[in-house]
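Trainee: Sequence:
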Amino acid sequence: AYSKHLIKTSQEDLQAWSLSKGDPVKGLITVLGRFKDLACTVAVSKYQGFKRVEDINMLGELRYLPEVTLKGLAEVSWALTGMSHLDTFSKVELTADLTVRRLIGQVLQS
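No gaps in the numbering here: position 5 of the sequence shown is 5 in the working numbering, and each next residue is one more.
Hints were generated in silico from the structure; no laboratory data involved.
Backbone N, C-alpha and C fix where the C-beta goes; we use that ideal spot for every residue, glycine too.
The reader is advised that the hints may include incorrect statements.
What the hints assert, rightly or not - Derived DSS-like pairs (lysine-lysine); straight-line CA-CA distance at most 27 Å:
| no. | residue 1 | residue 2 |
| --- | --- | --- |
| 1 | K46 | K36 |
| 2 | K71 | K91 |
| 3 | K36 | K26 |
| 4 | K71 | K8 |
| 5 | K46 | K4 |
To be verified - Label pairs and their calculated CB-CB ranges:
| no. | residue 1 | residue 2 | range |
| --- | --- | --- | --- |
| 6 | H85 | Q11 | 18 to 28 Å |
| 7 | K26 | H85 | 19 to 29 Å |
| 8 | L19 | D87 | 21 to 31 Å |
| 9 | S18 | V100 | 18 to 28 Å |
| 10 | G22 | S84 | 31 to 41 Å |
| 11 | L108 | H85 | 11 to 21 Å |
| 12 | V92 | Q11 | 13 to 23 Å |
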């Protein structure tokens with residue numbers, strides 16, 4: 001229930017996305033805000049024992065975003081759940097790299 005609440009798209013989310021169109025920096029800020037929501041949702045769902053299918057269903061709340069952005073959000077969020085064997089520095093480094101390549105780069109090129 002918490003995961004569904006966290007990822008639910010609000011009117012403010014839709015309005016922020018609408019206002020950011022045409023401005024890559026605003027778009028990036030908007031996408032990174034939703035990344036925070038999705039990353040938390042994926043982490044909670046993994047902790048609760050849900051499978052990737054449930055995570056994919058949660059992406060439905062983000063369908064207003066371009067497909068390439070949605071794929072980047074999903075890739076980075078799911079990658080975070082597979083880092084438990086890494087030390088903290090490696091997690092931060094890998095997360096930063098993935099975020100730049102799959103989110104920031106994609107949004108700024110749009």
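Trainee: Hints first: check each against the structure and report whether it holds.
Mentor: Hints and how they fare:
Proposed proximity of K46 and K36 is supported: the alpha carbons are some 16 Å apart, at most 27 Å. Of the pairs offered as hints, the one joining K71 and K91 holds, with about 20 Å between alpha carbons and a cut-off of 27 Å not exceeded. With a CA separation close to 16 Å, the supplied pair K36 and K26 stays within the 27 Å bound. Restraint check for K71 and K8: satisfied, since their Cα atoms lie roughly 18 Å apart, inside the 27 Å limit.
Proximity of K46 to K4 is assessed by CA-CA distance (about 13 Å); at most 27 Å being required, the pair is judged to hold. At roughly 40 Å, the beta-carbon separation of H85 and Q11 lies outside the given 18 to 28 Å, and the hint is violated. Checked against the hint of 19 to 29 Å, the pair K26 and H85 fails, with Cβ atoms roughly 37 Å apart. Checking the proposed 21 to 31 Å range against L19 and D87 shows it is violated: the Cβ atoms sit about 40 Å from each other.
Checking the proposed 18 to 28 Å range against S18 and V100 shows it holds: the Cβ atoms sit about 26 Å from each other. At about 40 Å, the CB distance of G22 to S84 agrees with the hint of 31 to 41 Å. Between L108 and H85, the C-beta spacing of about 31 Å breaks the proposed range 11 to 21 Å. Checked against the hint of 13 to 23 Å, the pair V92 and Q11 fails, with Cβ atoms roughly 33 Å apart.
Hint compliance for this structure: hints 6, 7, 8, 11 and 12 are broken, all remaining hints hold.
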